[in-house]
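A.B. asks: Residues per chain, in single letters:
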Amino acid sequence: MIKKINFTVNGKKRELEINAGETLLEIIRKRLHLTGTKEGCGVGECGACTVLIDGTAINSCLYLGVWADGREIVTVEGLAKDGELSKVQKAFISEGAVQCGFCTPGFVITASALQSRGHSLTDIEVKEELAGHFCRCTGYQNIIKAVKKSLENETAGTGGDHT
Amino acid sequence: MASGIIGASLPRLDAMAKVTGKAKYTGDYFLADMLVGKILRSPYAHARVINIETSEAEALPGVEAVLTHENVPGNIYATAGHPHSLDPERGDVADKTILTSKARFVGDEIAAVVAVDEITAARALKLIKVEYEMLEALLSTEAALREGAPLVHDERGSNIAGSAGYHVGDIDSVMQQADFIFSDEFETGIVQHCALENHVSYAYIDEDERIVIVSSTQIPHIARRIVGQALGLPWGRIRIIKPYVGGGFGGKQDVCLEPLNAAMTMAVGGRPVKLELTREEYMIGTRTRHSVKLKLKTAVSNEGKLLAIQVDAVSNTGAYASHGHSVMLAGGSKFKYLYNFDAIRYMPRTVYTNLPVAGAMRAYGSPQIAFALESHLDNIAVKLDIDPVELRLKNFNRVGYKDPNTGNQILSCGVRECVERGKELIDWDKKRQSFKEKNERGSHKKRGLGMACFSYGTGTYPAGLEVAGARIILNQDGSVQLQIGATEIGQGSDTVFAQMAAETMGIPMGMVNVVSTQDTDISPFDTGSYASRQTYITGMAIRKAAGEVKNKILEFARRISDLPADCLEIADANIILKDSGSIIMPVAAVALQSYYDRQNSEPITADISNNARVNAISFGTTFVEVEVDIKTGQIEIIEIFNVHDSGKIINRQLAEGQVHGAVSMALGYALSEELLFDNKTGKPLNNNLLDYKLPTILDTPVIGLDFIETFEPTGPYGNKALGEPPTISPAPAIRNAVFDATGVAINRIPIRPQLAFEKFKAAGLLEGGDQVVPD
Ligand code: FES
Ligand code: FES
Numbered sequence: 001m002i003k004k005i006n007f008t009v010n011g012k013k014r015e016l017e018i019n020a021g022e023t024l025l026e027i028i029r030k031r032l033h034l035t036g037t038k039e040g041c042g043v044g045e046c047g048a049c050t051v052l053i054d055g056t057a058i059n060s061c062l063y064l065g066v067w068a069d070g071r072e073i074v075t076v077e078g079l080a081k082d083g084e085l086s087k088v089q090k091a092f093i094s095e096g097a098v099q100c101g102f103c104t105p106g107f108v109i110t111a112s113a114l115q116s117r118g119h120s121l122t123d124i125e126v127k128e129e130l131a132g133h134f135c136r137c138t139g140y141q142n143i144i145k146a147v148k149k150s151l152e153n154e155t156a157g158t159g160g161d162h163t
Numbered sequence: 164m165a166s167g168i169i170g171a172s173l174p175r176l177d178a179m180a181k182v183t184g185k186a187k188y189t190g191d192y193f194l195a196d197m198l199v200g201k202i203l204r205s206p207y208a209h210a211r212v213i214n215i216e217t218s219e220a221e222a223l224p225g226v227e228a229v230l231t232h233e234n235v236p237g238n239i240y241a242t243a244g245h246p247h248s249l250d251p252e253r254g255d256v257a258d259k260t261i262l263t264s265k266a267r268f269v270g271d272e273i274a275a276v277v278a279v280d281e282i283t284a285a286r287a288l289k290l291i292k293v294e295y296e297m298l299e300a301l302l303s304t305e306a307a308l309r310e311g312a313p314l315v316h317d318e319r320g321s322n323i324a325g326s327a328g329y330h331v332g333d334i335d336s337v338m339q340q341a342d343f344i345f346s347d348e349f350e351t352g353i354v355q356h357c358a359l360e361n362h363v364s365y366a367y368i369d370e371d372e373r374i375v376i377v378s379s380t381q382i383p384h385i386a387r388r389i390v391g392q393a394l395g396l397p398w399g400r401i402r403i404i405k406p407y408v409g410g411g412f413g414g415k416q417d418v419c420l421e422p423l424n425a426a427m428t429m430a431v432g433g434r435p436v437k438l439e440l441t442r443e444e445y446m447i448g449t450r451t452r453h454s455v456k457l458k459l460k461t462a463v464s465n466e467g468k469l470l471a472i473q474v475d476a477v478s479n480t481g482a483y484a485s486h487g488h489s490v491m492l493a494g495g496s497k498f499k500y501l502y503n504f505d506a507i508r509y510m511p512r513t514v515y516t517n518l519p520v521a522g523a524m525r526a527y528g529s530p531q532i533a534f535a536l537e538s539h540l541d542n543i544a545v546k547l548d549i550d551p552v553e554l555r556l557k558n559f560n561r562v563g564y565k566d567p568n569t570g571n572q573i574l575s576c577g578v579r580e581c582v583e584r585g586k587e588l589i590d591w592d593k594k595r596q597s598f599k600e601k602n603e604r605g606s607h608k609k610r611g612l613g614m615a616c617f618s619y620g621t622g623t624y625p626a627g628l629e630v631a632g633a634r635i636i637l638n639q640d641g642s643v644q645l646q647i648g649a650t651e652i653g654q655g656s657d658t659v660f661a662q663m664a665a666e667t668m669g670i671p672m673g674m675v676n677v678v679s680t681q682d683t684d685i686s687p688f689d690t691g692s693y694a695s696r697q698t699y700i701t702g703m704a705i706r707k708a709a710g711e712v713k714n715k716i717l718e719f720a721r722r723i724s725d726l727p728a729d730c731l732e733i734a735d736a737n738i739i740l741k742d743s744g745s746i747i748m749p750v751a752a753v754a755l756q757s758y759y760d761r762q763n764s765e766p767i768t769a770d771i772s773n774n775a776r777v778n779a780i781s782f783g784t785t786f787v788e789v790e791v792d793i794k795t796g797q798i799e800i801i802e803i804f805n806v807h808d809s810g811k812i813i814n815r816q817l818a819e820g821q822v823h824g825a826v827s828m829a830l831g832y833a834l835s836e837e838l839l840f841d842n843k844t845g846k847p848l849n850n851n852l853l854d855y856k857l858p859t860i861l862d863t864p865v866i867g868l869d870f871i872e873t874f875e876p877t878g879p880y881g882n883k884a885l886g887e888p889p890t891i892s893p894a895p896a897i898r899n900a901v902f903d904a905t906g907v908a909i910n911r912i913p914i915r916p917q918l919a920f921e922k923f924k925a926a927g928l929l930e931g932g933d934q935v936v937p938d
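Protein chains in written order, with this note's numbering: chain L, 1 to 163; chain Z, 164 to 938.
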């Protein structure tokens, strides 16, 4: 069954005809060729496919394309503004949170959602928020550092820099 | 030359591409009209294919080809990612065909389809009718070694894939004269690499009739040769391209997809076909880490001197040999460097079974051997009433030790300092005492400390060939292109290579452009990423190439300046006078003239190969504190420290990252990860990320670490192996800490709560267990 959807991806309005069974991940990768969003399992186990849907970090492999109709999607490609990396992206680089990089877009997206809430978190809160993501390379050590760094100087209500 | 680039924590070259989503991995490429390949896998562990009926699948609209063992090349080849051996006797075991007429494990590759999309391909697989004749499934090494057991590979005449070992000294007489003999048995589980990126490749035939395969591989040049062998085609007709790779850990040091992917594109007239495994397929259809059963027997003197050791090991390699017995040989040859035994008898056997194929995985046999040996040593220490650290300090080798079998020598050794530092970090002496007192008071939560050590090689010499190429081209603007055949798979090699080239040439790192994609048509020959070899072997190639380019630049500067080359030097991308430091001209000026000077034009390049016949030994240790809950079997890591002698550290932040990841992998190995199979059918029970129990962020403690920086004279910059070693010693250290906490010797990993609980129960720790004493 073919369905038409209208949605915004990284600030751009899109209109697509999709199959009703297609996931948002498939649409992002295979139709829009925004390949920064990765697939590590396709069934909600790894977090590599995380995107922002109306500001909330969600596994796009579990999210049907038809549900995206009328919504605003941000992928990892949409975080940097005018060539300037977001605070989260900068922190991932400076803290050495990237190795193979396959999990990175997912973590960066979830961290961006946290950051846009505008307040800092304790270590355990950071861990709980990121618990839906696997990383096989870093032992999570520098990812935690990067996320904490990107939440530094955040106080309630200031908002994130990726919105 | 001391520019401070070596040793600095410089950010990865590819970090920007990776945080912005621009970095492209194999699966991120979509060619026009790309087809999809899918594999029909055996539902049975051991069965002969009697008949395959493909006509219905072929008739399905959208299906472009159906492949079986009858219509793909039937050459038998070895898949292990090793250099080709000129001596056929020493090559890897060849036992694989592209598709098989005999299923050897649940998941074996019986047929394949190429279709216009995934749904069609999946439907077509269901339409293929395969008739099987069932054979007995051999699901353990005991079953496979049993007299009269069926053969996994009829052609091989035995279920033993390899049994070569080695010996040192006269073990029987040493054993006879020893004060004590200790024996123990150990077992390690089957684990999987679980790189976040599943195995994926795509293939097409180009306009010159050459087969191009883009693959998530650690070993492009080796893959080219193996594809040639599998297809029976000249190797020069194959071209392998490696883009960004989302983690390998040894699983991609094997040729799993490429020959079949090549056969797929050949079946559809060269149109592009993508072959992308699902997570479930990846976890059983590629490679695993060998599970090994080990019997250790050690002779020790009254003073705690280790005299002799006998290791009897049975390794389960699964359905195909892959790296097979090499893993056991490598694992068993590296502990020699750690402790000084007068005599050793190493008797490994690598056995075929009807389980998924075991291959290379981070530290290649050493984690299994170290788990057994280091646990065994703690059992001995307790029996002799010696502190486990003291026992080890008494027996460590030193600089100058020569491997009696190969003659390879230890030239740098910081193992004592590593252990001293580890003791200090965890506060060993004080805590050992206080935990003993606390644990005796009878709380059901007990604290313990454990430690373990390792030694490990850098590269594969003398067992294997070591060769690496580097090519440097000086651009018109004074920057350079650095081409290597060594592969960046996430470990950070491209970044340290750029640091090395910059250091030797006297230019800033920003002027080194590393060509990150390997392409066997273009990249210099290098065997690839494995054996923690690249910063050492390829690093030396880069040092030589960079030195040559530098000399050529100075020589060119002499020609155009009339100053003698030997009074010139390069610093900060300027040609300077060695003595005064005064600037003669920028390197960029030389570079430009080297291209366009009408008399002297001769663009500057270097293209060298480093054939290494050295192997540097890395050392290190893990110290860990655990809290064990006797009532639940839960083991919590309170503190863990890895301390490494990897020679000179080239990039501190990247080095720390290697330790973090390797320790985390070892935590899973010790406590939670294991691939499980139905013990009657051999069907996998947990080949997905939910049930397999990879450590999550919540399971992972703070990973402490330090480096003892020795200077390794054979290393290009004093460096030696780091990528794999940190994953070797955590598992035995944790096991030893549990032993220290509870007095219960658990000789199998993973030590999941259930196993721990059963052991505690069997040891009588749960009796009268309701008394709760506050900690
Ligand atoms: S791909 Fe969506 S959670 Fe793994
Ligand atoms: S960096 Fe490789 S999986 Fe996280």
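Calculated directly from the structure, the hints in this document are not laboratory data.
Hints may contain errors.
What the hints assert, rightly or not - No more than 30 Å apart at the CA atoms, straight line, and that leaves these computed lysine-lysine pairs for DSS-like:
1. 289/Z with 586/Z
2. 185/Z with 145/L
3. 924/Z with 599/Z
4. 81/L with 187/Z
5. 185/Z with 149/L
6. 13/L with 187/Z
7. 924/Z with 148/L
8. 565/Z with 715/Z
9. 599/Z with 565/Z
10. 811/Z with 12/L
11. 924/Z with 30/L
A.B. asks: Now, for every hint given, state plainly whether the structure supports it.
C.D. replies: Hint check:
1. 289/Z with 586/Z: violated (59 Å)
2. 185/Z with 145/L: Since the Cα atoms of residue 185/Z and residue 145/L sit roughly 23 Å apart, the hinted pair holds (cutoff 30 Å).
3. 924/Z with 599/Z: holds (20 Å)
4. 81/L with 187/Z: It holds: about 21 Å lies between the C-alpha atoms, which stays within 30 Å.
5. 185/Z with 149/L: holds (23 Å)
6. 13/L with 187/Z: holds (25 Å)
7. 924/Z with 148/L: Roughly 42 Å between the alpha carbons, so the hint for residue 924/Z and residue 148/L is violated.
8. 565/Z with 715/Z: The given pair, whose Cα atoms are some 39 Å apart, is violated under the 30 Å limit.
9. 599/Z with 565/Z: Measuring from Cα to Cα gives roughly 40 Å; hence the hint is violated.
10. 811/Z with 12/L: violated (49 Å)
11. 924/Z with 30/L: Given that 30 Å is the threshold and the Cα spacing comes to 54 Å, the pair is violated.
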